[in-house]
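Put the two chains together into one complex, using the hints given.
The lines below spell out each chain.
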Amino acid sequence: MVENNTHKPEQGAPAKKMDQAEIEIYRQAKTIERVITIQQLKRRQRLKDIVRKFGIYALLALGAVSMVGPFLWMVTTSLKEAGDVYSYQKEWWREWIPTTFVWQNYVKAWQVVPFARFYLNSIFVTLLITLGQVTTSALAAYAFARLRFPGRDRLFFGYLATMMVPGAVTMIPVFILLEKFGWIDTYKAMILPAVFTAYGTFMLRQFFLTLPRDLEDAAKIDGCSYFGIFWRIILPLSKPALATLTTFTFMGSWMSFMWPLIVMNTHGKFTLPIGLAYFQNLHTTDWTLLMAGSVMMILPILIVFTFNQRFFVEGIKLTGIKG
Amino acid sequence: MGANRMKFSNASRESLAAYGFLLPNFSGFLIFTSLPILASLALSFSVWDALSAPPKFVGLDNYIALFKDRYFWKYCWNTVYLMMSIPIGMAGSLLLAILLNQKLRGIVFFRTVYFLPTICSGVAIYMLWKLIYNPDFGVLNTMIVKLGECLGLVLKGPYWLTDELWAKPALIIMGVWQSVGGYNMILYLAALQGVPRDLYDAAEVDGANGWQKFWNVTWPQISPTTFFIAIMSIIGGFQAGFDPAYIMTGGGPNGATTTIIYYLYNNAFIWLHMGYAAAIAWVLFLIVFALTLFQWRFFGGTVHYT
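Those protein sequences? They're chains L and X, same order as listed. Following my numbering, the numbering of the first sequence begins with 1 at its first residue and continues without gaps. Following my numbering, the numbering of the second sequence begins with 324 at its first residue and continues without gaps.
With the rest of the complex left out, here is chain X (with noise of 0.2 Å):
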């Protein structure tokens, strides 16, 4: 007996304690996630100013006008449009990852230098590019007039982010220059270093060429990886695109820089439709949680590494 009631007493010590750890993290993530996520479900099937008195219940409202506005699907297809960099971007990291994988002098500085406008990515960058892309005295469209000296041309550059055609591309372009030598790349350099060496000596007792081992043994190997980028920064192209084009672009020209989260924003913040913008939310939760989902199914949540 005695021997029982010190046990429970050393596994309710334990259980103590570990509410004692658990306490300050809990509570603010009760205050600050768990919580709000329930509200903001509440909230998405009311009206509500933030001001006047309390919120209305509407029901299915919301969504239902979400589903018939036009500029949120405007909004959705720009969001997509701008994920063009996605691709773009992930054959780039594979090309750098694949050049740095070679045993060469140098490699660490090269992937230093590749790394800088990932982790300096932000407001300045943004700043950086809205000036580059100015069209009369920006560096990009002053190279394409010198260029077009050099070659007896008259080249003249696009008006980049205040025309409604080039906006994005201009976007897509920035997005490329930031991603491409940073997470992915390294994501991709771990999986070429785990490809096993004796597949590649089988296929060149096979005769197999440069190219062929490439998509013969490389590219098959490393697909968890690829897959995996894929989708996450699908999962993060849904929920981006708001720093960039505050500072480029105010979502312009014509709204065709404006992204769901901007758009988001600007009901939740500019125009106060709190109930809107949080089913604005819920929706993109929606995506969020069938990719994650997706995903889960076939990878089981993580790619792994040796």
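Only chain L is shown next, with the shape it has when bound in the complex (with noise of 0.2 Å):
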């Protein structure tokens, strides 16, 4: 290359002389030189691009690790014999996969609180509440989102603004109110306060507001009842939104602790966060047979999060708020 760029005018006329097949030889050393570098080039692109990947893929599994980790630690204990939680192991791994496994401690678990009432009872609460709430918030936000009444944007806005005042803040008179009512200490206490709710209301009316009105109207024509509208339309068509708020509600209820530690005192009528708890003061020792029933209690969530999981990501995008 540099030669090149040092011929001399004079030179310029031998140069002119060069044969073709000279010149022909010179350009496709050039080419091939060009063609080498671009390969090169295009090689150690690649190569780039693998040691990229391959960290990004390292960061992520690192992550993986970690995220999955305590979950993992939480099978292993749940199967392991009652001494050796306490006891030191020589060897690192041992911390994590048992020596012997007590599959027993699941049994245990089960037998030794009443923890299949408290699953019971969670089943229980947890279906009503999630079928009231999804059942209510469908019927009034089709009311907010498509019928015309005299007052409602007034009181849609006071819906909405009671969604941003805390829990905290109705908890003591609801309670007052429910011990008035003779309610503490039974199922209603659980499940009445937790149906009738702002949220689910506001994400299915935004739900509805997106769906077209041509079917309506033409059944509107037909003769059909707001209600045979509201049922053989709007419902079907707003299956990813129910399936959303449905998911969410469940998720929610099968894990509410506070509200249910407020009103509840009778263990017979527990529910699996609470009895856990209760477990927990029970047998403080007894690790084993806390983390079996852990592990139970998570099961179900797992379930429905592999099964509902778009679902999760549909919610977010709906309302913009955090379930």
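Honestly, the hints are just simulated from the structure, not real lab data. Positions of the beta carbon are idealized from the N, C-alpha and C atoms, including for glycine. Some hints could be false.
As the list claims (entries may be wrong) - Cβ-to-Cβ under 10 Å is the rule here; a few derived chain X residues that face chain L:
1) I360
2) W371
3) I430
4) V431
5) N457
6) M466
7) S546
Right, dumping it as structure tokens:
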């Protein structure tokens, strides 16, 4: 390359005399040289890409391990011999793999406390809250989204405004009210206050507003009642939103801790979260059973999550509000 | 005239139907939300132990007492301290979102894994972390000791939940673990996908490197999301802290993990100072209200998605 530039002017004449074949060879050599560099460049680029990808995967894997690690240890502990929890293991992996798998822990956890009872209570309470909330929210959301009536916007604004009032504000009066009704320590006390939420109404209303009106207009002309429109047109079109609300409500009430703790006294009526806390106080030392109970408590949530994963993303996008 | 009457009856039929649809939700809403809000306000101006005769009106006494209550200030400080998990968690969420925004295989798998702590959050997870933090046989301190053995050092982990100095950091670490791959990460992922491609192209033409592209293109473009997450998390943060503290520390050691909401719970349902607890609730409301107004002023309520 450098020599090419050092051609002196008087050498220009002989260069012209260079025959065609020589020029051709020269050109080919240049081309080959360029091809090689492009290939090298490509290879270098690919190598860089691989390193980058590897780096990203390494970071992601590291993160994933720290996310899953505690869960793994939870399962491991739930399968350990009760004494093994406290003893110091010489090899580090003994912490993560039990010496013997004591499946009996799960049976024991079920028998020692009325764990089955807690489970049934939780299922009962959660199903009723979910059903109640989705039903009443959908009905109200339809009225807000589609029907015209005096005071609609003011009322809706009232709903919205209460959404920013912390639950702590209403907790005390609701407790006093339930006491006056004589409902403390009943399932009603856990279920009813959780059924009527502004959040569910707001979320479904936002979704109903996005539905096209043509079908409803056609149904109206055919003489369909408002409930008929709601039932046969709006609800079938809103399956994703309904599923999202159902999922969020289910998870929320399955995990709900503070309110049941406040209103329940008899442990035969406890749900899983307060049952587990009660169990902890009873058997402070038996961590294997406690972990077995915890694993069983999380299991339904994992199942719901696996099947309804996309609804989580949907729910966030619908309202911009964290569930 | 006839047409007019029919129109009128149609409109009233529609209103009637609307009230019918609203009735179940509205009656419950009235009983369990609207009226209790008013009752709570009234209660905050009175003294009542929930047992004896009717509440006694005391004016602003509860609020004045609260203002002078050094425990209340201590627990406010605890609540704010514990919110350190918010910036740490947000930085982690953003980093994860950037990593997950690459076009690579297996991203869905990782997203699912990162979401696990968020969806499972609750009593079971707090029990698990209480055991993890056990100073003698919890896995964290065991690992610290093992690491020390590998390096030929004698390392010893702190007493975590029973140490006044370490209890709050312990809860913060758990909080970050729980929230880093959750809703915030998904919000960030959506925001990253909404950044116009040509902005990056233009930056590349100008010869910007990855770091410069992040600070000059990505960061300003996703700043509404950052702001939204920050405000929502702070609003949540002021009301948080009861469940984990109740399970893991009982609010201790020496009140180090008692938050505002925990103090409210103790006042209302342990010591039966209903009026005082209601006053705490209203202070909490004022904080949340101010933050919400602040957010509305700047963003009109929600983040926009494309």
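Checklist entry - Would the hint on I430(X) stand, with a C-beta cut-off of 10 Å toward chain L? => result holds, 8 Å
Checklist entry - Does the nearest C-beta of chain L fall within a distance shorter than 10 Å of the C-beta of W371(X)? => result holds, 9 Å
Next on the checklist: Tell me if the interface restraint on V431(X) is satisfied: Cβ within less than 10 Å of some Cβ in chain L.
Outcome noted: For V431(X), the interface hint holds, since the closest Cβ of chain L sits about 9 Å away, which is under 10 Å.
Next on the checklist: Min Cβ distance, M466(X) to chain L: is it shorter than 10 Å?
Outcome noted: holds, 7 Å
Item to check | N457(X) as chain L interface residue, shortest Cβ-Cβ below 10 Å | outcome: holds, 8 Å
Next on the checklist: Is the interface hint satisfied for I360(X)? The criterion is a beta-carbon contact with chain L at less than 10 Å.
Outcome noted: This interface hint holds because 6 Å falls under the 10 Å limit.
Item to check | S546(X) as chain L interface residue, shortest Cβ-Cβ below 10 Å | outcome: S546(X) check fails; min Cβ-Cβ to chain L is 16 Å, beyond 10 Å.
In summary, the one numbered hint that this structure violates is 7.
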